[in-house]
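Student: One line per chain: the protein sequences are A and B, in this order.
All letters in the first sequence, in the order written, are residues 0 to 249 by numbering that gives the first Met the number 0.
All letters in the second sequence, in the order written, are residues 0 to 93 by numbering that gives the first Met the number 0.
In short, the hints are calculated from the structure, not lab data.
Just so it is clear, the structure is predicted and the values come from calculations on it, not from any experiment.
Mixed in with the good hints, there may be bad ones.
Claimed, not checked - Cβ-Cβ distance ranges computed for the label pairs, FRET-style:
no., chain 1, residue 1, chain 2, residue 2, range
1, A, E182, B, E66, 23 to 29 angstroms
2, A, I83, B, G44, 48 to 54 angstroms
3, B, D50, A, T112, 49 to 55 angstroms
4, B, G70, A, E114, 30 to 36 angstroms
5, B, E21, A, R225, 27 to 33 angstroms
6, A, L98, B, A72, 33 to 39 angstroms
7, B, R31, A, D105, 40 to 46 angstroms
8, A, V214, B, D75, 33 to 39 angstroms
9, A, A53, B, E21, 42 to 48 angstroms
10, B, D75, A, R69, 46 to 52 angstroms
11, A, G23, B, K56, 32 to 38 angstroms
12, B, R79, A, I83, 56 to 62 angstroms
13, A, E183, B, A43, 19 to 25 angstroms
Claimed, not checked - Below, simulated DSSO-like cross-link-like pairs (lysine-lysine); rule was C-alpha separation at most 30 angstroms, straight line:
no., chain 1, residue 1, chain 2, residue 2
14, B, K39, B, K56
15, B, K56, A, K169
16, A, K169, B, K1
17, B, K39, A, K169
18, A, K169, A, K235
19, B, K39, B, K57
20, A, K235, B, K1
21, B, K56, B, K1
22, B, K39, B, K1
Yeah, the Cβ is synthetic: ideal placement off N, Cα and C, and Gly gets one too.
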Amino acid sequence: MTGERWPLTPRERERYERQIPLLGEEGQERLLHSSVCIAGAGGLGSPVAFYLAAAGIGRIRIIDSDRVSRSNLNRQIIHAEADIGRSKVDSAARRLEALNPDIEVDPRPLHLTEENVVNVVRGMNLVVDALDNYPARYILNRAACMHTVPLVHAAVNGYCGQVMAIIPRKTACLQCAIPHPPEETPPPVLGTTAGILGCIQANEAIRILLGEGTVMGDALHVWDGRAGTWDMIPVKRDPACRACGAGGKG
Amino acid sequence: MKESVRVRAFARFRELFGGTIEMDLPWPATVRSVIRELEKINPAGLAELVDNEGNLKKSVILMINRERIMGPAREDCPLRPGDEIAFYPPVAGG
Ligand SMILES: [Zn+2]
């Protein structure tokens, strides 16, 4: 960081008046000059995008190749009945611009691949994994590790979810934590589960962008919405990891 | 001879087997002995924990005393009296 300041406008000062006492003007300026990529505009991506836009993250890139369907609406709260058939990223961008017209939203209707992930991650201060499958998650995780971009992962199923922050070269990565992906069957999900996990992702994203670090590294933090419990599954960095360790080289 | 261990099942496994289970096992015991006891608790639920050969599914996270146990033969890991054995199935949805 250069210590450069970008003074807030009166309008920004008013919009963020209730959080500036918490973040400081410098913290707010920092958020406004941050770029975050949200991979996935679904159940997790909805609350992540809403809260990051509301908090004043200056540039939000949102990626998803799907279109909105009615069966998305029990949990993907960024979309509405009138958006059915519309591209999810366009629907999300409209909603975010309505919420906060002072930030820049960059909707990308694409499917994440080994080829395009570099362009998606490069130049970002942070990436959020709000995806719904492990092949795409591993692609994103590897790119985040390679380009040293912090990544906040979450996943949900039914009443349960997991969240973990990845600080490349410091903490374990997603593939260290979950080297063998679970089977992919469309899981039942309650909107509140995605809401809870997505809010935590946004919270950690903000704290990492502010330079406060994260308390969610080196462990899967597991929410059980039936038992009302959080549990911690410790994770260690695997020196032979195919994404962040020696196993990925050559 | 029997000794007891504590088994913790997280998320979906909590629904299938119960959250914390105090288990008396014929001794000496391994993780496999725990799997056999879990089968008694919920025979149908076992299919979510183990594969067709009766080994833990690769994706299932196993911890003993909060230490992650990795590797192919982790079911044969020997237990000590009082050990805490934990199972967690990572989730995938978004
Ligand atoms: Zn790794």
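Student: Each of the hints needs a verdict: does it hold here or not?
Tutor: Status of each hint after checking the structure:
1. E182(A) - E66(B): 23 to 29 angstroms: holds, 26 angstroms
2. I83(A) - G44(B): 48 to 54 angstroms: violated, 37 angstroms
3. D50(B) - T112(A): 49 to 55 angstroms: violated, 30 angstroms
4. G70(B) - E114(A): 30 to 36 angstroms: Given range 30 to 36 angstroms: holds, Cβ gap about 34 angstroms.
5. E21(B) - R225(A): 27 to 33 angstroms: violated, 21 angstroms
6. L98(A) - A72(B): 33 to 39 angstroms: violated, 53 angstroms
7. R31(B) - D105(A): 40 to 46 angstroms: violated, 52 angstroms
8. V214(A) - D75(B): 33 to 39 angstroms: holds, 35 angstroms
9. A53(A) - E21(B): 42 to 48 angstroms: holds, 46 angstroms
10. D75(B) - R69(A): 46 to 52 angstroms: holds, 49 angstroms
11. G23(A) - K56(B): 32 to 38 angstroms: violated, 47 angstroms
12. R79(B) - I83(A): 56 to 62 angstroms: holds, 57 angstroms
13. E183(A) - A43(B): 19 to 25 angstroms: Hint holds: Cβ distance 21 angstroms, inside 19 to 25 angstroms.
14. K39(B) - K56(B): holds, 18 angstroms
15. K56(B) - K169(A): Status holds; Cα separation ~29 angstroms.
16. K169(A) - K1(B): violated, 43 angstroms
17. K39(B) - K169(A): violated, 42 angstroms
18. K169(A) - K235(A): holds, 11 angstroms
19. K39(B) - K57(B): The given pair, whose Cα atoms are some 22 angstroms apart, holds under the 30 angstroms limit.
20. K235(A) - K1(B): violated, 33 angstroms
21. K56(B) - K1(B): Answer holds: K56(B) to K1(B) is near 27 angstroms, not above 30 angstroms.
22. K39(B) - K1(B): holds, 17 angstroms
Comparing the model with each numbered hint stated earlier shows that hints 2, 3, 5, 6, 7, 11, 16, 17 and 20 do not hold.
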